[in-house]
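Enquirer: Residue-level listing of the chains:
There are 2 protein chains.
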Amino acid sequence: MALQTRLAKMLGLVHPVIQAPMAGGMTTPELVAAVSNAGGLGSFAAATTSPAAIRTHIAAIRAKTDKPFAVNLFVLAPVEPNPSEVAFANALLARYRIELGMETNAAPPAKWAEDFEAQFEAVLDLAPPVFSSTFGAIGARKTAALKARGVLVVGTATNIAEAKLLEAQGVDAVVAQGAEAGGHRGTFVGRAEDSLIGTMALVPQVVDAINIPVIAAGGIMDGRGLAAALALGASAASMGTAFLRAEEAGTHPLHKDALGKIDDTATTVTRAVSGRHARGIRSRYMDEMAPHADEMPAYPVTNALTTTLRAEAAKQGNTGLMVMWAGQGAPMASVKPAAEIVEAASAQAEAILGARQEAK
Amino acid sequence: MALQTRLAKMLGLVHPVIQAPMAGGMTTPELVAAVSNAGGLGSFAAATTSPAAIRTHIAAIRAKTDKPFAVNLFVLAPVEPNPSEVAFANALLARYRIELGMETNAAPPAKWAEDFEAQFEAVLDLAPPVFSSTFGAIGARKTAALKARGVLVVGTATNIAEAKLLEAQGVDAVVAQGAEAGGHRGTFVGRAEDSLIGTMALVPQVVDAINIPVIAAGGIMDGRGLAAALALGASAASMGTAFLRAEEAGTHPLHKDALGKIDDTATTVTRAVSGRHARGIRSRYMDEMAPHADEMPAYPVTNALTTTLRAEAAKQGNTGLMVMWAGQGAPMASVKPAAEIVEAASAQAEAILGARQEAK
Numbered sequence: 001m002a003l004q005t006r007l008a009k010m011l012g013l014v015h016p017v018i019q020a021p022m023a024g025g026m027t028t029p030e031l032v033a034a035v036s037n038a039g040g041l042g043s044f045a046a047a048t049t050s051p052a053a054i055r056t057h058i059a060a061i062r063a064k065t066d067k068p069f070a071v072n073l074f075v076l077a078p079v080e081p082n083p084s085e086v087a088f089a090n091a092l093l094a095r096y097r098i099e100l101g102m103e104t105n106a107a108p109p110a111k112w113a114e115d116f117e118a119q120f121e122a123v124l125d126l127a128p129p130v131f132s133s134t135f136g137a138i139g140a141r142k143t144a145a146l147k148a149r150g151v152l153v154v155g156t157a158t159n160i161a162e163a164k165l166l167e168a169q170g171v172d173a174v175v176a177q178g179a180e181a182g183g184h185r186g187t188f189v190g191r192a193e194d195s196l197i198g199t200m201a202l203v204p205q206v207v208d209a210i211n212i213p214v215i216a217a218g219g220i221m222d223g224r225g226l227a228a229a230l231a232l233g234a235s236a237a238s239m240g241t242a243f244l245r246a247e248e249a250g251t252h253p254l255h256k257d258a259l260g261k262i263d264d265t266a267t268t269v270t271r272a273v274s275g276r277h278a279r280g281i282r283s284r285y286m287d288e289m290a291p292h293a294d295e296m297p298a299y300p301v302t303n304a305l306t307t308t309l310r311a312e313a314a315k316q317g318n319t320g321l322m323v324m325w326a327g328q329g330a331p332m333a334s335v336k337p338a339a340e341i342v343e344a345a346s347a348q349a350e351a352i353l354g355a356r357q358e359a360k
Numbered sequence: 001m002a003l004q005t006r007l008a009k010m011l012g013l014v015h016p017v018i019q020a021p022m023a024g025g026m027t028t029p030e031l032v033a034a035v036s037n038a039g040g041l042g043s044f045a046a047a048t049t050s051p052a053a054i055r056t057h058i059a060a061i062r063a064k065t066d067k068p069f070a071v072n073l074f075v076l077a078p079v080e081p082n083p084s085e086v087a088f089a090n091a092l093l094a095r096y097r098i099e100l101g102m103e104t105n106a107a108p109p110a111k112w113a114e115d116f117e118a119q120f121e122a123v124l125d126l127a128p129p130v131f132s133s134t135f136g137a138i139g140a141r142k143t144a145a146l147k148a149r150g151v152l153v154v155g156t157a158t159n160i161a162e163a164k165l166l167e168a169q170g171v172d173a174v175v176a177q178g179a180e181a182g183g184h185r186g187t188f189v190g191r192a193e194d195s196l197i198g199t200m201a202l203v204p205q206v207v208d209a210i211n212i213p214v215i216a217a218g219g220i221m222d223g224r225g226l227a228a229a230l231a232l233g234a235s236a237a238s239m240g241t242a243f244l245r246a247e248e249a250g251t252h253p254l255h256k257d258a259l260g261k262i263d264d265t266a267t268t269v270t271r272a273v274s275g276r277h278a279r280g281i282r283s284r285y286m287d288e289m290a291p292h293a294d295e296m297p298a299y300p301v302t303n304a305l306t307t308t309l310r311a312e313a314a315k316q317g318n319t320g321l322m323v324m325w326a327g328q329g330a331p332m333a334s335v336k337p338a339a340e341i342v343e344a345a346s347a348q349a350e351a352i353l354g355a356r357q358e359a360k
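Sequence lines, in order, name chains E and P. Residue numbers for the first sequence follow my numbering, so the first one is 1 and each next one is one higher. Residue numbers for the second sequence follow my numbering, so the first one is 1 and each next one is one higher.
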């Protein structure tokens, strides 16, 4: 069995391919199970999912696969935004609500985000084979609690300081998220602007800085990228955008369609959608909001305020106001069943590398 | 002989390692010749060098090596800046000139840049084994003239549109410059902001888009990066920052020193130094000028206006006002003779890849 990396052995994976968690309905139980059944590791992005729905979703995954899979959460503290920042954001968003025929004086959302502690308790109770976190470190105590239940714990880093912190808290592996990656930046130490480090430069630096397996993320779209990630010293590749057009992915049809039409320069990093830096297909909303992006309330407040707006835009097919997350490799995303994406990447990487990755 | 890629065969290289051109005195004849003598391809950055000095420099390289080497120029049209934009830039720069004890009402520079046509004529006449260009395409006629003299022609692209244009003009190979790369961005089609594409995502897209060899650049620091570049489909790696601390490099001692102290988040892309986007170690100058960076006159005007300022800052050891170009892999730059950097990278890449790269 080829490409048997250290992490693949720890997890019992046939292929060192992780389908990255992508919040927003993309990671259906069908997608997660298809990747895991193919010998990779599917990931359920549970960040914006309620504890009750997390239970249902994990049960649905377990009904479709007996292979390892991961559940991902955003690490969030409870927020109580200042009414003035909410009013400021709503004033900037009013033009879009009017354009979409929505109420501009709507009441604030019932909650700004799911309660992380309650989400975490649900995940701990359900003990999926792998837990991964983004936006922060869960701390040594929670890490130990997961490990005591047999859960393998993965953290996400965008720079070396974060990787070292995660290792010190006891995680089993670290995702090194390069600047190419689509969706939210995981940065939690330092400024997000300073941690847009390309995968080619970030991965070997993280590999040199810590002693646990590193998972490369950002711009990895096929077996060439997988082979490159392993060559850089990673133990696996986390591929997100590569699965956005997979048959099983819950990606909005207009989003899937746009991914097939864009060129290599189409994505940008914006703070205007959620209050956190994230990479997606450049849109009219992102361009128009660019002068105000840094003034919008921090995640999750802006995210909550734009949720209904984005949903309505998607319903109306208004792509200028939809959000379509994507990484810089997006034009390489293929329309295939997820299992074929996993198998093709692994076979191509094996052809490039041979079976030389056994020690990593 | 391992790692014998298509480009290595075309050039007669032992190792598919190109020492990237870095304008500013780094690419001494000693550095270029050391890389070429070791079996890689040294590059002389002649962009800011007069035709007469180009002749002297190439003669010095030829005295030290009989192996192939490259000469690089920036493709520039003559400029005649508007006096108001020069006055605006000088007003913003006055505080730094005062800080350094310099004249604030100095006459404009005798010339804004070396004359590209005269530089090109000198290079064509001297017919180095390889010519490479940055900041634009030299056109089919100049490309053909170089090829008729036996010169292999390389262009630099930061996106697919540029790569296709260069191929259509007849170049022999294209450098795909990823966002990690230090120094000036080569973008000449579209906005530089949109073409900060990470090496991991850019290289395979360029490889798929054109039919000539691709040279990967950006964040490649050692054999892991070289192997990754070849895995992505490149025929060679262009390594710049990796040679900044080489014994033979003409890098300013304070610049070499800073490279040994920075962390992974230390670089940024700025337009404030030269009027063109370029990546270097974040400095007080870059931070303070950030609000005005987009208003400064385009290259070469701002570059010419800051040249004496930067030189004086370097003389005084004022690192906050010096410019120290560097890529995102800078913390991995090693202090070694250039030949060792080439040989170590090639040997490590061969260990990772085996001799499987013969077809590329």
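Note that these hints are calculated values from the structure, not bench results. These figures come from a predicted structure and were not determined experimentally. Watch out, some of these pointers could steer you wrong.
[What the hints assert, rightly or not] PhoX-like cross-link-like pairs, simulated, lysine-lysine; straight-line CA separation at most 20 Å:
(1) E/Lys261 - P/Lys315
(2) P/Lys9 - P/Lys147
(3) P/Lys256 - P/Lys164
(4) P/Lys256 - E/Lys164
(5) P/Lys142 - P/Lys164
(6) E/Lys142 - E/Lys111
[To be verified] Some chain P residues flagged as far from chain E (calculated, every beta-carbon gap over 12 Å):
(7) Ala106
(8) Ala161
(9) Gln205
(10) Gly218
(11) Asp222
(12) Lys261
(13) Asp264
(14) Thr268
(15) Gln316
(16) Gln328
Think of the CB as a built atom: it goes at the ideal place given N, C-alpha and C, for glycine as much as any other residue.
Enquirer: All hints are to be evaluated individually against the structure, with a verdict given for each.
Expert: Hints, verified against the model:
1. The suggested pairing of E/Lys261 with P/Lys315 is violated, with an alpha-carbon distance near 52 Å, which exceeds 20 Å.
2. Only pairs whose Cα atoms come within 20 Å are accepted, and P/Lys9 paired with P/Lys147 is accepted, the gap being roughly 17 Å.
3. The suggested pairing of P/Lys256 with P/Lys164 is violated, with an alpha-carbon distance near 36 Å, which exceeds 20 Å.
4. Of the supplied pair hints, the one linking P/Lys256 and E/Lys164 is violated, its CA atoms being roughly 26 Å apart against a limit of 20 Å.
5. Among the hinted pairs, P/Lys142 with P/Lys164 is consistent with the structure: their alpha-carbon atoms are about 17 Å apart, no more than 20 Å.
6. Pair hint E/Lys142 plus E/Lys111 does not hold up; C-alpha atoms about 24 Å apart against a cutoff of 20 Å.
7. At the 12 Å boundary, the C-beta of P/Ala106 stays outside the reach of chain E, the nearest C-beta of that chain being 34 Å off.
8. In this structure P/Ala161 is not separated from chain E by more than 12 Å, as the shortest Cβ-Cβ distance comes to only about 8 Å.
9. Some Cβ of chain E comes within 12 Å of the Cβ of P/Gln205; the nearest lies about 5 Å off, and the non-interface call is violated.
10. The beta carbon of P/Gly218 sits about 6 Å from the closest Cβ of chain E, which is not more than 12 Å, so the claim that it is off the interface is violated.
11. With a least CB separation of 7 Å from chain E, P/Asp222 falls inside the 12 Å interface cut-off, contrary to its annotation.
12. In this structure P/Lys261 is separated from chain E by more than 12 Å, as the shortest Cβ-Cβ distance comes to about 14 Å.
13. With a minimum CB-CB distance of about 5 Å to chain E, P/Asp264 fails to clear the 12 Å threshold, and the non-interface call is violated.
14. Listed as a non-interface residue, P/Thr268 fails to keep its Cβ farther than 12 Å from every Cβ of chain E; the least gap is roughly 7 Å.
15. The claim that P/Gln316 is not at the interface with chain E holds, since no C-beta of that chain comes within 12 Å of its own (minimum 27 Å).
16. Consistency note on P/Gln328: stated as away from chain E, yet its beta-carbon is not over 12 Å from all of that chain's, at 4 Å minimum.
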